[in-house]
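*Asks:* Chains E and C supply the protein sequences, listed in that same order.
Residues 1 to 633 (this note's numbering) make up the first sequence, in order.
Residues 634 to 851 (this note's numbering) make up the second sequence, in order.
Hints in this document: simulated from the structure, not taken from any laboratory.
Honestly, I wouldn't trust all of these hints.
[Unchecked claim] Chain C stretches covered by chain E per the calculated footprint, using a threshold of three residues with CB under 8 Å from any CB of chain E:
1) 693-704
2) 710-717
3) 789-798
All values reported here derive from a predicted model rather than from experimental measurement.
For every residue, glycine included, the Cβ atom is placed at its ideal position computed from N, Cα and C.
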Amino acid sequence: MKLQLPNPGLEDRILSHQQLDKLEKDEAGDRPKWDNKTQYMLTCVGFCVGLGNVWRFPYLCQSHGGGAFMIPFLILLVLEGIPLLHLEFAIGQRLRRGSLGVWATIHPYLTGIGIASMCVSLTISLYYNTIMAWILWYFFNSFQEPLPWSQCPMNANLTGIVSECERSSPVDYFWYRETLNTTPAIEEDGGLQWWILLCHICAWSVLYICIIRGIETTGKAVYVTSTLPYVVLTIFLIRGLTLKGSLNGVKFLFTPDLTELAKPSTWLDAGAQVFYSFSLAFGGLISFSSYNSVHNNCEQDAVIISIINGITSVYAATVIYTIIGFRATERFDNCLSGNILALLNVFELPEGNITDSNYNQVVQRLNATHPEVFQQLDLKSCNLNTFLSEGVEGTGLAFIVFTEAITKMPLSPLWAVLFFIMLFCLGLSSMFGNIEGVLVPLQDLNVFPKTWPKEVVTGVTCMLCCLVGLIFIQGSGSYWLSLFDTYGGSIPLLVVAFCEMISVVYIYGIDRFNDDIKFMIGHKPNFFWQASWRVISPLIMFIILVFYFVTKVSEKIVYKAWNPESNTFPTLEEKPYPGWIYAIIFILAGIPSLAVPLVCVWKCLKSKKRDKPHLDNISDQIQMNNESKKSTA
Amino acid sequence: MLEKILVLLCLPSALAQHLCTPGASDGYKVRLSIKTALGDQAYVWNENEMFLFRATLAFAMRTHFNGQMYNVSNIVVCDETPRVSFWFVVTSPLDTSTLVDRKDVEEAVRKSRNRINSAFLLTDKTLEFIGIAPTLAAPVYPDPPPWLIVFGVVMGAVGAGIIILLVTSVLQKKRKKNEKSEGEDDEEDTRVKTVENGTASDGVYNMSFSDDERFTKM
Numbered sequence: 001m002k003l004q005l006p007n008p009g010l011e012d013r014i015l016s017h018q019q020l021d022k023l024e025k026d027e028a029g030d031r032p033k034w035d036n037k038t039q040y041m042l043t044c045v046g047f048c049v050g051l052g053n054v055w056r057f058p059y060l061c062q063s064h065g066g067g068a069f070m071i072p073f074l075i076l077l078v079l080e081g082i083p084l085l086h087l088e089f090a091i092g093q094r095l096r097r098g099s100l101g102v103w104a105t106i107h108p109y110l111t112g113i114g115i116a117s118m119c120v121s122l123t124i125s126l127y128y129n130t131i132m133a134w135i136l137w138y139f140f141n142s143f144q145e146p147l148p149w150s151q152c153p154m155n156a157n158l159t160g161i162v163s164e165c166e167r168s169s170p171v172d173y174f175w176y177r178e179t180l181n182t183t184p185a186i187e188e189d190g191g192l193q194w195w196i197l198l199c200h201i202c203a204w205s206v207l208y209i210c211i212i213r214g215i216e217t218t219g220k221a222v223y224v225t226s227t228l229p230y231v232v233l234t235i236f237l238i239r240g241l242t243l244k245g246s247l248n249g250v251k252f253l254f255t256p257d258l259t260e261l262a263k264p265s266t267w268l269d270a271g272a273q274v275f276y277s278f279s280l281a282f283g284g285l286i287s288f289s290s291y292n293s294v295h296n297n298c299e300q301d302a303v304i305i306s307i308i309n310g311i312t313s314v315y316a317a318t319v320i321y322t323i324i325g326f327r328a329t330e331r332f333d334n335c336l337s338g339n340i341l342a343l344l345n346v347f348e349l350p351e352g353n354i355t356d357s358n359y360n361q362v363v364q365r366l367n368a369t370h371p372e373v374f375q376q377l378d379l380k381s382c383n384l385n386t387f388l389s390e391g392v393e394g395t396g397l398a399f400i401v402f403t404e405a406i407t408k409m410p411l412s413p414l415w416a417v418l419f420f421i422m423l424f425c426l427g428l429s430s431m432f433g434n435i436e437g438v439l440v441p442l443q444d445l446n447v448f449p450k451t452w453p454k455e456v457v458t459g460v461t462c463m464l465c466c467l468v469g470l471i472f473i474q475g476s477g478s479y480w481l482s483l484f485d486t487y488g489g490s491i492p493l494l495v496v497a498f499c500e501m502i503s504v505v506y507i508y509g510i511d512r513f514n515d516d517i518k519f520m521i522g523h524k525p526n527f528f529w530q531a532s533w534r535v536i537s538p539l540i541m542f543i544i545l546v547f548y549f550v551t552k553v554s555e556k557i558v559y560k561a562w563n564p565e566s567n568t569f570p571t572l573e574e575k576p577y578p579g580w581i582y583a584i585i586f587i588l589a590g591i592p593s594l595a596v597p598l599v600c601v602w603k604c605l606k607s608k609k610r611d612k613p614h615l616d617n618i619s620d621q622i623q624m625n626n627e628s629k630k631s632t633a
Numbered sequence: 634m635l636e637k638i639l640v641l642l643c644l645p646s647a648l649a650q651h652l653c654t655p656g657a658s659d660g661y662k663v664r665l666s667i668k669t670a671l672g673d674q675a676y677v678w679n680e681n682e683m684f685l686f687r688a689t690l691a692f693a694m695r696t697h698f699n700g701q702m703y704n705v706s707n708i709v710v711c712d713e714t715p716r717v718s719f720w721f722v723v724t725s726p727l728d729t730s731t732l733v734d735r736k737d738v739e740e741a742v743r744k745s746r747n748r749i750n751s752a753f754l755l756t757d758k759t760l761e762f763i764g765i766a767p768t769l770a771a772p773v774y775p776d777p778p779p780w781l782i783v784f785g786v787v788m789g790a791v792g793a794g795i796i797i798l799l800v801t802s803v804l805q806k807k808r809k810k811n812e813k814s815e816g817e818d819d820e821e822d823t824r825v826k827t828v829e830n831g832t833a834s835d836g837v838y839n840m841s842f843s844d845d846e847r848f849t850k851m
């Protein structure tokens, strides 16, 4: 027995199949269209493939048992990612509306889902472009030799190097001091940093020029932004494999540790990574597929894009870990040479007496013969695996670990320029989808007058987002960014995705949906799609949502601060958030999630109020109608 | 007789030798890492190299104290190790039993550090004078900073692109308006014709009426 919630009036809100065909034939309607299929595919691939594939997936892979992580990742890709993707493509293509329009069409009470999508897209657009500003800053600084993050600057009276840099490292100093100029706590705002402000304006300008006329300009931009990352990744792979120690990194990444599969956190992280990696529930994918022709094969598109996304994650992880392997081997070699030099100096042995191969024997011999001297030496322990497992993710990987590795390669400015161009393109193509998820609902809500041309609408939106994004340009900006990232971009998306599945399957009706797909692509979706849409995917989404919520609520809400005065410097200091942050967390995570039920209730009350006076005027007509129905029944 | 002459000759150097001890207050320890610096092209450290070192140091002392005639014999070396490290002290040319002050030696070495390094094909890191820190090179800050130049180029290109796109869309709209006002006269005639012909051909599907159907059912 199929569960189907009553949905009167659905037929009137959507175009029938014949109307769709006519629309297609006459090329009527003022909806924008893709120039060709390639633009559509590249835009979707660009939206899905983003910074997370480069700096989140490799970390998860390495910390959850290497090659063994592929198993939960691939399983959840097939059971969760592909069905949701196909669902969003199909519903957008069928109803030919943006995300807000689609949910309002399915049932007016579901408008809350669209509003939640829009709020999340807006939150993420705000801080994502700040990351782009940081990438641009590093990009601009890559055009010099030596790179500014390869050495510490001198202090004011030129007697030595700056103390903060000496105690940490040149890359740390460049990131925390010369780029962010971070304050030690989130309460101190530190004022706007003018150099990042310039990069911020530049990032929003580049985004504006790409989306100025909607998909007309975006479709041209994606030819570069979606393909360039793959070219650069290949160049880095070839360069990386020729460096010493790169294979150590790759081996470390993919060595399977099957015991990790027993831990639920591995599966949870895999599910979350698949979900966020596909950029689902943003509304952008629904918009993009609504510009397609009605008979476009959305099933094939969903499968192809999912496979590309999965392969890109693995490819990027391989490339990143060749470079990390090189860096770890370099550190290990330096550690070992430092120890060898110390031994040679103290024991006055000729050079070349101690090599990497006889190091351990010599150390044992010297320890036995001169224990007191040896204790005083305080040699560091050098372990390659320790260096390899200094796993970093996120901005730490891109701006600290990778930049340090680049300074050790010959021709560093070239590699730095290539790397930051790649990151910029990855981020920009994701921003196209984010902004689409903001612009189209704003247009559907009639926030802007219809007479305004598209250029003005996109310009005003970009300018407003640029202004609000100034929060992240302050000294404490990076703390605000991680706050937004952790709470604004996680739970609401899971809620929206869950509601999307329920709405399409049980409120729109799985039968109607199957018929629509049969009309659009020629055959009914097979058993796999039926099972995953109806049961498997909603269940997985629900489990991930509950676990995520419980984990987030139960863990301590702390943030890591860069405090030169702390005892643990240069390790980041863990600090609790001030009390008023809880209000902000509620606004970020609670309001979009609550928008779904609240808008539903509000619409319900509004429609009840509207029906009442209406009934008084035409109550006679209704009575007549009822009576006539009874007589015919 | 000959032995007496030999003893007399060796006496000054023997006297001077006792001034050089490891840890001497006016002496410095020197450490060379030739293999690290030169790898395969490393030279072997022998008596000749030591002579070169003493001569170079004498040169450094002469350069610093303009006028005082320092000689190779004024540089006394002791405690050589296989590591290639040793201690040295500098005796005054006027009186071989007194040592030149530590600070003066340090000044002299600092001044001519570059020349001493290049005599041995080594660097500050591989030819170490323990206790004399190498002077750091003054940093070169190019003005204007390079990042500002790249920013200017990118921002200029983007700004120009935005202006071009906005101008072309304004021009396009103007052109469309002109065409429309020309075409309106023709359109009125054709519209009258279609009304007369009835529903012979389907018109353009007008989506704006689709929502109103809900209300007409009443």
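*Asks:* I'd like to know which numbered hints this structure contradicts. Please list them from smallest to largest.
*Replies:* 1
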